[in-house]
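Student: Sequence order for the protein chains is L and X.
Using my numbering, the letters of the first sequence correspond one by one to residues 10 to 529.
Using my numbering, the letters of the second sequence correspond one by one to residues 10 to 529.
Hints in this document: simulated from the structure, not taken from any laboratory.
Do not take every clue at face value.
Identical copies go unnamed one by one, so any copy, or any two together, can satisfy a pair.
Under the rule of at most 25 Å between Cα atoms (straight-line distance), these lysine-lysine pairs were calculated in the BS3-like manner [what the hints assert, rightly or not]:
no. : residue 1 : residue 2
1   : K254      : K473
2   : K265      : K422
3   : K265      : K402
4   : K444      : K132
5   : K244      : K307
6   : K302      : K317
7   : K526      : K71
8   : K429      : K99
9   : K74       : K168
10  : K264      : K244
11  : K157      : K82
12  : K168      : K132
13  : K99       : K168
14  : K114      : K126
15  : K265      : K331
16  : K89       : K168
17  : K525      : K89
18  : K470      : K71
19  : K469      : K271
20  : K498      : K126
21  : K99       : K71
Protein chains: 2
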Amino acid sequence: MLAMFGARACSALWGSRTVSRVQILRTLSGMTVAQIDEEVAKLLQLKAKLGGDDGKIQFVLKTPKGTRDYNPKQMAIREKVFNTIVHCFKRHGAETIDTPVFELKETLTGKYGEDSKLIYDLKDQGGELLSLRYDLTVPFARYLAMNKITNIKRYHIAKVYRRDNPAMTRGRYREFYQCDFDIAGQYDAMIPDAECLKIVYEILSELDLGDFRIKVNDRRILDGMFAVCGVPDDKFRTICSTVDKLDKMPWEEVKKEMVNEKGLSEEAADQIGEYVSMQGGMDLAERLLQDPKMSQSKQACAGLTDVKLLFSYLQLFQITDKVVFDLSLARGLDYYTGVIYEALLTQAGVAPVVVEAQNGAPGSTEESVSVGSVAGGGRYDGLVGMFDPKGRKVPCVGVSIGIERIFSIMEQKAEACAEKIRTTEVQIMVASAQKNLLEERLRLVTELWNAGIKAEVMYKKNPKLLSQLQHCEESGIPLVAILGEQELKDGVVKLRVVSTREEVDISRGELVEEIKKRTS
Amino acid sequence: MLAMFGARACSALWGSRTVSRVQILRTLSGMTVAQIDEEVAKLLQLKAKLGGDDGKIQFVLKTPKGTRDYNPKQMAIREKVFNTIVHCFKRHGAETIDTPVFELKETLTGKYGEDSKLIYDLKDQGGELLSLRYDLTVPFARYLAMNKITNIKRYHIAKVYRRDNPAMTRGRYREFYQCDFDIAGQYDAMIPDAECLKIVYEILSELDLGDFRIKVNDRRILDGMFAVCGVPDDKFRTICSTVDKLDKMPWEEVKKEMVNEKGLSEEAADQIGEYVSMQGGMDLAERLLQDPKMSQSKQACAGLTDVKLLFSYLQLFQITDKVVFDLSLARGLDYYTGVIYEALLTQAGVAPVVVEAQNGAPGSTEESVSVGSVAGGGRYDGLVGMFDPKGRKVPCVGVSIGIERIFSIMEQKAEACAEKIRTTEVQIMVASAQKNLLEERLRLVTELWNAGIKAEVMYKKNPKLLSQLQHCEESGIPLVAILGEQELKDGVVKLRVVSTREEVDISRGELVEEIKKRTS
């Protein structure tokens, strides 16, 4: 309610002469200081819009809250990251699809649990009720059901939208990219699941973001664990979302929430505490299959058997060095039904969020640093069936690369090493040494464009040679073709190498080949 | 009002027991047959949603009106088209930026004239009022003003949103891509403008869509023409939008609209009619500069002088064969201030919309076919200033490639020639001839992935060799690496060429090189 008490509501109140100040203050009472500050800021913004001192309408020059523009340098980094990711997806034989940025509102309804409140709705302008997509998984499931597709391996890179509290310095936005890879189809257990993990491993290795871990768990193990620890059936989901907080809160606090807020018995909480501290590999899955309590749950056993099988495939894929079976991994989304996973960067110094080292002595120089999850996913065998009129299921497993955090890190790295990032690919600048050579420059640049050379010319009739050369230095253009009266007479151009300032005359007919040779 | 009387409103009426049938019928009266049909369809949809015979909630499985998914084949075509376009933009030295899919509502206000009603607004969920971007030009201008950028050459490829009446068979959607190239900066006249036309020429030639024309005109010539023909100042915009209909309506009807609807004198309309029938090149600009009436307008003369200069540059760029100076070109958008242009495909047989041949005899076998505009743009020197607090201007010129129509044509072409489009780039399938070789297949495919080979393996423990080979045939995978007991013993794989069925044993150590050689 308070969040909706925005600038417009306020202005309506102030504007109406029948509303007394007391009424307004009464409406405002109960707001926190932060909320009042926000309202004041909105009113001032509104005032600015209504007109400055000169009566001219003022615009608020900004992008919407939680969003940003990408400038050419950021785009150059983004392109590089996307290329690496797409190349990996293609190496694994994926096709790609695209879906609209908005879906019928009802398509998204009932898929995201508590997070549904974060969905952006479109205004009802007559016609269908629409919402911006919240992820790429639900549109994918809708696409499969709608087209009756029962098997596909596809990737989808696109923006998704969440009305969350942005934390942009940490790469958390309201508009952000997801890079999803999913395998749909009835296949033998754990083979596609293992390939998803292989893909995460390959991408994080190739992007060279420092060390990482991939945590693996299974919804069935979590549910089985809750059952054998005495959690009532109807509390599985809420206890699961409390477990999900273990990456941000110490166990003591998680336990407190379970007992005090969610009404779990202390004993049940302690039993859960024991399990969720367990980490390991295939050995842990084997041990838990023998665990007197855990083995009582059919669900848990099915999950543990699959985790064991998964690790055998991960061994063949040569990626077990970074994968850990971790019973504390819960993941929020409602639709997972089996294996779940999440990748985290663990390298120190790459991110602004410092958490306490778990095993480090006080004052330890090597701090453990977390940027949170950079990839996550799992198996969702029931989602497509939710869209099928006859409830026909299509088993799916997939992974989503959380690219914004990766961008943030890459940007910081680029800044840190003062690396000069080129934002164009121009190979040569067509320049002139004297006046009145615009026509000659246009003629030459046309020759080069027509031959497929990336070339530029200044949009001035008589630019100074120095300013033409400076432009090359600034934007990293390696070559300049300089035209002058003499060169034109001789049928040559002066080819200048920007870095060495070396100059050589090249005949017009050989220029294209020479440029290709020098820039290949 | 009627458009907003949707399924929800109706159901509210039906649902309320205090509303009589008479009242409902009274509300429904005044609707057209088409509107009633639409309401009936919505109610039936609503009924379907409320539950089928089994009581299960039914989903309407569709994408929102005017939008579509892209399947892998369409994506393969889209990728090819984008590659051609991006390559051209890069050849001309452009950087790229990206902006959010939505803007503050006020950023878009007052930029699109009558078309503003087509803007999608987001629901007010508390916070800022947002709208989906309507084009990429206004966000670009906002970006320049916000970052105080005074010169840049950038491209931007992204989706834009218009609540228009979709005509999807003709490639007209509510969500569609624009590919924009713009040059911002204070430069000498017509040089950047000419490069924009060069880019359109290059892209349309490379995409091989058949013959095309690029029409050129200038807002100042239009305004000058209206002035000398006696159109009152306050009617320039509305008469201009009537002229804009000349590509869809014959002159007689356009004239009727001017005289009967817009209240122009018959004489003025006839004078306009004379001018807008003129087409030519630099010669026409020269002739009009001598025209006793036209030369009275300073504005027209400025425009004509620039068009003359423009054509001199187009000659140097070698593209005058497809560019025509056409006084009937008007273009709808409010923000243009100088040169405007539009590219049209003219080849017969590429599009579903058949218009009558202008000069063809009745029964002529060669029909003139129009798919409408595939690119358009112009100069907008005032737009950035609308965002700058001090009104500082940044001159801009740009072009937008209307990619959806191009996709439609490319899809039709691909279908027509039954061309097999590959949707993946897989080079080799790792297959097994006998049972129980899953582990060996996973081991080999890992070797290949790690060496950068695009490889696939079936997600089955014991797939049949035939089904593995069939998958290769269907998805165009050229090679198969077949593993069997014997091959494993000998340290080789059987390499099979899918097209010729030729098989040869290759030692494990040489496999990667052999695949690279055969698929390069």
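Student: Each hint should be assessed against the structure and marked as holding or not.
Tutor: Here's how the hints hold up against the structure:
| no. | hint | result |
| --- | --- | --- |
| 1 | K254 to K473 | neither (62 Å within a copy, 46 Å between copies) |
| 2 | K265 to K422 | neither (39 Å within a copy, 65 Å between copies) |
| 3 | K265 to K402 | neither (39 Å within a copy, 60 Å between copies) |
| 4 | K444 to K132 | neither (58 Å within a copy, 58 Å between copies) |
| 5 | K244 to K307 | within (19 Å within a copy, 79 Å between copies) |
| 6 | K302 to K317 | within (18 Å within a copy, 88 Å between copies) |
| 7 | K526 to K71 | neither (45 Å within a copy, 52 Å between copies) |
| 8 | K429 to K99 | between (29 Å within a copy, 19 Å between copies) |
| 9 | K74 to K168 | both (16 Å within a copy, 20 Å between copies) |
| 10 | K264 to K244 | within (14 Å within a copy, 74 Å between copies) |
| 11 | K157 to K82 | between (42 Å within a copy, 16 Å between copies) |
| 12 | K168 to K132 | both (20 Å within a copy, 19 Å between copies) |
| 13 | K99 to K168 | both (20 Å within a copy, 24 Å between copies) |
| 14 | K114 to K126 | both (12 Å within a copy, 22 Å between copies) |
| 15 | K265 to K331 | neither (32 Å within a copy, 75 Å between copies) |
| 16 | K89 to K168 | both (17 Å within a copy, 21 Å between copies) |
| 17 | K525 to K89 | both (23 Å within a copy, 24 Å between copies) |
| 18 | K470 to K71 | neither (36 Å within a copy, 55 Å between copies) |
| 19 | K469 to K271 | neither (71 Å within a copy, 43 Å between copies) |
| 20 | K498 to K126 | neither (72 Å within a copy, 60 Å between copies) |
| 21 | K99 to K71 | neither (37 Å within a copy, 28 Å between copies) |
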